[in-house]
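Asks: Kindly generate the complete structure, drawing on both the sequences and the hints.
Residues per chain, in single letters:
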Amino acid sequence: MTSRLYESMFLLDNTAVRESWQSAKEAVTATIEKHGGSVHTARHWGEKRLAYPIARRHRATYLLSYIELPTDALPAMRRELELSERVIRYLITLTDEVPDAERELTAKESSGEVVIPEPPADDAPEREPRAETSEDEDDGRDRRARRRPPEKDSDSAPDSAGSDDAETSDEAKED
Amino acid sequence: MARRMQAPIASKNCDDPPIDHKEIEYLKKFLTPHGQILSRKRTGFCAQCQKELKLAIKRARHLALLPFVG
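Line by line, the protein sequences are chains G and E.
The first sequence lines up with residues 1 to 175 when you count with this note's numbering.
The second sequence lines up with residues 1001 to 1070 when you count with this note's numbering.
It should be emphasised that the hints constitute simulated quantities derived from the structure, not laboratory data.
Cβ coordinates follow ideal geometry from the N, Cα and C atoms, glycine included.
Take the hints with a grain of salt, since some may be wrong.
[Said to hold, decoys possible] BS3-like cross-link-like pairs, simulated, lysine-lysine; straight-line CA separation at most 25 Å:
#1 E:Lys1054 <-> E:Lys1022
#2 E:Lys1054 <-> E:Lys1012
#3 G:Lys48 <-> E:Lys1028
#4 E:Lys1029 <-> E:Lys1054
#5 G:Lys48 <-> E:Lys1054
#6 G:Lys108 <-> G:Lys48
#7 G:Lys48 <-> E:Lys1022
#8 E:Lys1012 <-> E:Lys1058
#9 E:Lys1054 <-> E:Lys1041
#10 E:Lys1029 <-> G:Lys48
#11 E:Lys1012 <-> E:Lys1041
#12 E:Lys1058 <-> E:Lys1028
#13 G:Lys48 <-> E:Lys1058
#14 G:Lys108 <-> E:Lys1022
#15 E:Lys1022 <-> E:Lys1041
#16 E:Lys1051 <-> E:Lys1041
#17 E:Lys1041 <-> E:Lys1058
#18 E:Lys1051 <-> E:Lys1022
[Said to hold, decoys possible] Derived DEER-like restraints, expressed as beta-carbon distance ranges:
#19 E:Gly1044 <-> G:Glu19: 44 to 54 Å
#20 E:Gly1044 <-> G:Ser111: 36 to 46 Å
#21 E:Ser1039 <-> G:Ser3: 36 to 46 Å
#22 E:Pro1067 <-> G:Pro117: 23 to 33 Å
#23 G:Arg57 <-> E:Pro1008: 35 to 45 Å
#24 G:Glu85 <-> E:Asn1013: 40 to 50 Å
#25 G:Pro117 <-> E:Cys1014: 38 to 48 Å
#26 G:Leu94 <-> E:Lys1029: 23 to 33 Å
#27 E:Gly1044 <-> G:Ala30: 44 to 54 Å
#28 G:Leu94 <-> E:Glu1023: 11 to 21 Å
[Stated by the list, open to error] Going by beta-carbon spacing under 8 Å, a handful of chain E positions derived as facing chain G:
#29 Arg1059
#30 His1062
#31 Leu1063
#32 Ala1064
#33 Leu1065
#34 Leu1066
#35 Phe1068
Replies: Printed below as a string of structure tokens:
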């Protein structure tokens, strides 16, 4: 029964983290140890807005952990993680070694040097000003809308009051 | 007339450590505005590094660090 070194990332539900980060983290480490694994490092990697909703949530807290697990324990642990309500996603990858930086950061966190802020509400906007790509898409729509009005006048569909642009163009195609 | 292709974005030595799926600031450079992975022509990577990039981006997408679309 060989043991291998894995890098694991867990996405934790913010509601569980709001109650207590420590207990959420310990729930995960307990699961690992229950299956015969040993946790080398485990730390708060960040609380972020997700690129797409997962389980209808828009934000989650990331837990990065380097662990050692026996190979035959992996399927059983995955099953337990799938069923967990706290862990909404996970990624377990093989690695060669634990980076020193991770050990230091874990030590800092457990010694209480780092204060982990409470997760903001689910619809809180991302603080970074980078998320401006949506504005580019809006410009495209505006340009199309500006071109549309002449076609709308010629179609003259009074029944479709307040309809989307998509619906109007569908009607034109059906004609 | 074909649009002039821009110079490749970045280069990486194959000996360097493999691309990390956690370095999203770095990975974002290799996505189109719509979130698609850039081709080897655009990235300028060798075959092996391009594979690493693909894997890293796909892992990051799984962790919702990068979008699939958008």
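Asks: Are the Cα atoms of E:Lys1051 and E:Lys1022 separated by 25 Å or less?
Replies: holds, 16 Å
Asks: For the hint 36 to 46 Å, verify it against the beta carbon of E:Gly1044 and that of G:Ser111.
Replies: holds, 44 Å
Asks: For the range 44 to 54 Å, tell me whether the beta carbons of E:Gly1044 and G:Glu19 fit it or not.
Replies: holds, 48 Å
Asks: Given a hint of 38 to 48 Å, does the C-beta separation of G:Pro117 and E:Cys1014 actually sit inside it?
Replies: The hinted range 38 to 48 Å holds for G:Pro117 and E:Cys1014, with Cβ atoms some 40 Å apart.
Asks: Could one say that the CB atoms of E:Ser1039 and G:Ser3 fall in the range 36 to 46 Å?
Replies: holds, 40 Å
Asks: Would the pair E:Lys1012 and E:Lys1041 pass a check requiring their Cα atoms to be no farther apart than 25 Å?
Replies: With Cα atoms ~14 Å apart, E:Lys1012 and E:Lys1041 stay inside 25 Å; holds.
Asks: Does E:Lys1058 pair with E:Lys1028 here, judged by a C-alpha cut-off of 25 Å?
Replies: The given pair, whose Cα atoms are some 12 Å apart, holds under the 25 Å limit.
Asks: Run the distance test for G:Lys108 versus G:Lys48: straight-line Cα separation, threshold 25 Å.
Replies: Holds: G:Lys108 and G:Lys48 sit about 21 Å apart, inside 25 Å.
Asks: Take the C-beta atom of G:Glu85 and the C-beta atom of E:Asn1013, compute their distance, and say whether it sits inside 40 to 50 Å.
Replies: holds, 44 Å
Asks: Just to be careful, I want the Cα atoms of E:Lys1051 and E:Lys1041 compared with a cutoff of 25 Å; is the pair within it?
Replies: Roughly 13 Å between the alpha carbons, so the hint for E:Lys1051 and E:Lys1041 holds.
Asks: Measure nothing beyond the straight line between the CA atoms of G:Lys48 and E:Lys1054; if it is 25 Å or shorter, mark the hint as holding.
Replies: The hint holds at about 23 Å.
Asks: Could you grab the alpha-carbon distance between E:Lys1041 and E:Lys1058 and see if it respects the 25 Å cut-off?
Replies: holds, 19 Å
In summary, the structure agrees with every hint in the numbered list given earlier.
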